[in-house]
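K.L.:
Take the sequences, apply the hints, and build the full model.
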Amino acid sequence: MVLFGLFAKYDVNAMPKGSEDAVPMASKYPMFQDTHVMIFIGFGFLMTFLKRYGFSAVSVNLLLACFTIEWGLIVRGLLSHEFAQDGKFSIGLDQLLTADFAAAVILISMGAMLGKLSPVQYLIMALIETPVAIFVEHHVVHTFHVNDVGGSIVVHAFGAYFGLACSKAFASSGQREHENEGSVYHSDIYAMIGAIFLWVFWPSFNAAVAEPADARQRAVCNTFLSLVACTITTFLFSQATDHHKKFDMVHIANSTLAGGVTIGTTANVVLHPLHALIVGVVAGAVSVIGYKYITPLLSSKLGAHDTCGVNNLHGMPGVLAGIFSAIFVLAYDPAAYGSSLNVIYPAMKSADNAEGFILRLKIFNQVREKEMYADGDYFETPADYDFTTRVRTFGQFQSLQVVSVADYF
Amino acid sequence: MVLFGLFAKYDVNAMPKGSEDAVPMASKYPMFQDTHVMIFIGFGFLMTFLKRYGFSAVSVNLLLACFTIEWGLIVRGLLSHEFAQDGKFSIGLDQLLTADFAAAVILISMGAMLGKLSPVQYLIMALIETPVAIFVEHHVVHTFHVNDVGGSIVVHAFGAYFGLACSKAFASSGQREHENEGSVYHSDIYAMIGAIFLWVFWPSFNAAVAEPADARQRAVCNTFLSLVACTITTFLFSQATDHHKKFDMVHIANSTLAGGVTIGTTANVVLHPLHALIVGVVAGAVSVIGYKYITPLLSSKLGAHDTCGVNNLHGMPGVLAGIFSAIFVLAYDPAAYGSSLNVIYPAMKSADNAEGFILRLKIFNQVREKEMYADGDYFETPADYDFTTRVRTFGQFQSLQVVSVADYF
Amino acid sequence: MVLFGLFAKYDVNAMPKGSEDAVPMASKYPMFQDTHVMIFIGFGFLMTFLKRYGFSAVSVNLLLACFTIEWGLIVRGLLSHEFAQDGKFSIGLDQLLTADFAAAVILISMGAMLGKLSPVQYLIMALIETPVAIFVEHHVVHTFHVNDVGGSIVVHAFGAYFGLACSKAFASSGQREHENEGSVYHSDIYAMIGAIFLWVFWPSFNAAVAEPADARQRAVCNTFLSLVACTITTFLFSQATDHHKKFDMVHIANSTLAGGVTIGTTANVVLHPLHALIVGVVAGAVSVIGYKYITPLLSSKLGAHDTCGVNNLHGMPGVLAGIFSAIFVLAYDPAAYGSSLNVIYPAMKSADNAEGFILRLKIFNQVREKEMYADGDYFETPADYDFTTRVRTFGQFQSLQVVSVADYF
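Residue numbers (the working numbering), protein chains in the order written: chain A, 2 to 410; chain B, 2 to 410; chain C, 2 to 410.
Treat each hint with caution, since some may be false.
To be verified - Derived SDA-like pairs (lysine to any residue); straight-line CA-CA distance at most 20 Å: (1) C:Lys246 with A:Val121; (2) B:Lys371 with B:His273; (3) C:Lys89 with B:Gly377; (4) A:Lys89 with C:Lys89; (5) C:Lys293 with C:His179; (6) A:Lys247 with B:His273.
As the list claims (entries may be wrong) - Interface residues of chain B toward chain A, partial, derived using beta-carbon atoms under 7 Å: (7) Asp215; (8) Ile279; (9) Ala327.
Just so you know, these hints were derived from the structure itself, not from any lab.
The beta-carbon is built from N, C-alpha and C at its ideal position, and this holds for glycine as well.
P.N.:
What follows is the structure, encoded as structure tokens:
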């Protein structure tokens, strides 16, 4: 916290260099607000699915997004041409929108680490990851001329694999099959609040920086159709892969959104509605299969535990977005896109491992293993917290009571 | 599900005929997004009031809306002039908005059947109802020249009475007074999330297709004033009709919205604020009286059980909208509106009964009577599900414990 | 209720004097809708934090907002130049937006009185407070030429201190340390739904009436930066002031918003990003300190019990907004702002004390002391209400069981 206090001060001191931008904002503001709802309501509530980690999910999401928005504004401002020339950088609606995107990267990484870090550790992660993400994005966009309008590669895939690399570096046996890692009936419904707001506003996310207006409308329509197809596919695959042929709320809250990620890179590219639907179908199928088979493997074989399954919602769909981008681009301009995939992975891998070890330094207070995936160590909780959030079937409940009664007599 | 898989494939194959529309979208997008929030957040959470059916309400709402949007796009596209001429149809923001309206029809019918159908049966209902709805709408708008800007007749009244007809055809004694049909304290608060989002964005729903801009503003103001008057009336009537003079959350979550339905048909017509307020007052009164006295009668006398009370929120207010439309129109253009009411009912009645019997075919897996209004048969549920969602007073709880302790000794 | 019925009729009769305004609405509608979400979702859910008062919080919020919107439209209309000249007043989008602001005043006062009044008493409060608020606002804006774009003084500070004065006049010893005054785990998460929607849309609230477009963008950017800085500060101070060094959800749901209030008065004034950040930091610090130390003092020493802590979220930050306004204005136009602070307090104090005594008249049904902060007296509640909403630790639960078992043998 002291460390963070210092950086927060630095933020404030760095700011006076900026000055307000006076461009009219009529057309951009609604999409900016939609993106804003996604960051704070969408991500925040999507992560409340853990039964004992609801306060942390929504609050740390808020704290981390705020911190990253400030920090991203500064890093990006200090690297801008404007700063190099004038020693000042501007802050306007465009910069705030970009800062929201930067926050999304960190929140995705937070998803992989959900329940395993203390608030200070999350902030340190954001402190390190934000400049790396901006560096990678610059590399992808300017060196390789990749068109990535919805940020599927530079936001989703990067955020997911950075988070997974952290998770691997930070792995411990106690993280797996922890009794706190699960939902209760009502916490799954909270998560759906986040999921559906993400679903509804995803077209704005993919269209927000698209230019000109007709590309913006294409981005909206393609994202919409991809999400629709992805959702139907998710229900089909969720039922098909389940032992009891029932739907799984984890898939419904997460995989239904994969269509938005996968169409992201190419949402503004001219393409047929059929293509958007195909992208959505593939995204939904890959995401459900990921949750069902790949996440357990990643955890047991590679030691990369993934609390929210960000690999399935952001990682693989982001990579798919790159592949689809390569496929679509063959039709009219292969040269500009060819190497879009290769750039991501080396850039990420090197940064990640160092990162994990910094977080493990004993200087920062670690989460006690018993209190992983739980609010109790960091939030004041009401008196019912233990009672309401522990898994409790009739059977468990009765045996507990019986013991206490037996003790009494 | 196999059946649905085939149709989903057909959807995808039907799509390549479409091509993207390039009209700018600055002015329409915010209202489109508001409508979108209503369909997915509003309807989805409004139906979570059942204590053991929250997963299904929000998830099946999502699935059914997605399916209907695709299916509605295809049906409407195949019937368009453009398709008749070119063999192709366009998909743009206007078409997506119309598809959202088509989804609303199905979701209203779903409200009457809530808890009584399996997911596949809901999809079959949507498959049959969507073309019928489009046919009726075409008839109402083009043959009878009815002005129905907010869709009160073709969306709300049609959806409600189609659902009720299904419910009658599908009736069984076990549907009534089922132990799962009720709320718990927190599920009523979930429902209010949906209700208030519907309330807040209803002006956009009624104004979205109004032209020109001044009619759009009238539609917003009239809907707003009608909702305000309706809400106050609902509180008054809810208290007045209750035995203990308390408010009933069912009325507050539903009847407060009836003002939006009833003003829908005439929201864009020039009228005084007073008229909008009167419409709202009548809508609220009729809706509360409907919940209190008519819904039980429909169920016991006519055998049409109505889980969400769609007759009171969509059916009767939709009919009222037609009546008000006829009243208002007498002032300046009687010829165009006169027969607006007569057209709805014959068109519906014939389609409905066939429908119900198709759903009853034993081919499709029926909902087990014990598991009506419950998630357990179709969703994987957390371990606390049985414990949290059964009605439990202190008394019930103690007697349960005592029995188990007695067994133990 | 009879009294209210009479006034509701009067509302309806007063309305026909109005006529619709035909100005285009493209640019203003999105911000109007954002404000609307804040009033109904934001305030409504923020107040659901009490464990046994969720129905009332969200429903009475809805009723009171509707009543105030109608009543505010009439009062403001009857006082308008237009009415004085023509005997009619206009209702358009601008008037509805202003009415939303008027509702905010009443809802803030409701926050101070949350759980202590019956629905009729809240309506009487709104009936009296609305004309007073409009009178004070007129005085502040026109007599003293105060620039208060986000309404920090005339909405937030006035609403908070009116509510506190009511609370003092209405004080009784039973209000303090009442067993119903507290949250359960899930009710705190409900409150976060409201808090985050307020947070996300606050820039629209402060910018909605700002003119011209560049001032609107400045208002958005300044509010955004102030909120970000305020949020980070809130987390720091919440942890620093806690005995166990944990975060307190009351601070996180409320103090994070104080930055929006404090920047409100000056959001459209030209200033550096640094200044917005400083405003946010001061606001967050003052608000957390208020919750921690000043609210208990107000209650015990002055007898002004403040259920939601509106003094900390609206009162002191609103006063701070005036102070910052005075500081900022020294740079370029001291004359117009000098007396902005002095005007609020005398105008409020005189009106408040009479008010409290009217509410205490035994004519209106009072809230029974045992049922303060609880829904049971005014809402039909599901069977689990008592079980779910009483604080229940394992210990309490076991002792209850043991007693009952002991009784049984």
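K.L.:
It remains to establish, for every hint, whether it holds in the given structure.
P.N.:
How the hints compare with the structure:
1. C:Lys246 with A:Val121: 13 Å, holds
2. B:Lys371 with B:His273: Roughly 52 Å separates the two Cα atoms, so the pair is violated.
3. C:Lys89 with B:Gly377: 59 Å, violated
4. A:Lys89 with C:Lys89: 53 Å, violated
5. C:Lys293 with C:His179: 18 Å, holds
6. A:Lys247 with B:His273: 53 Å, violated
7. Asp215: 19 Å, violated
8. Ile279: 33 Å, violated
9. Ala327: 36 Å, violated
Of the numbered hints stated above, those contradicted by the structure are hints 2, 3, 4, 6, 7, 8 and 9, listed in ascending order.
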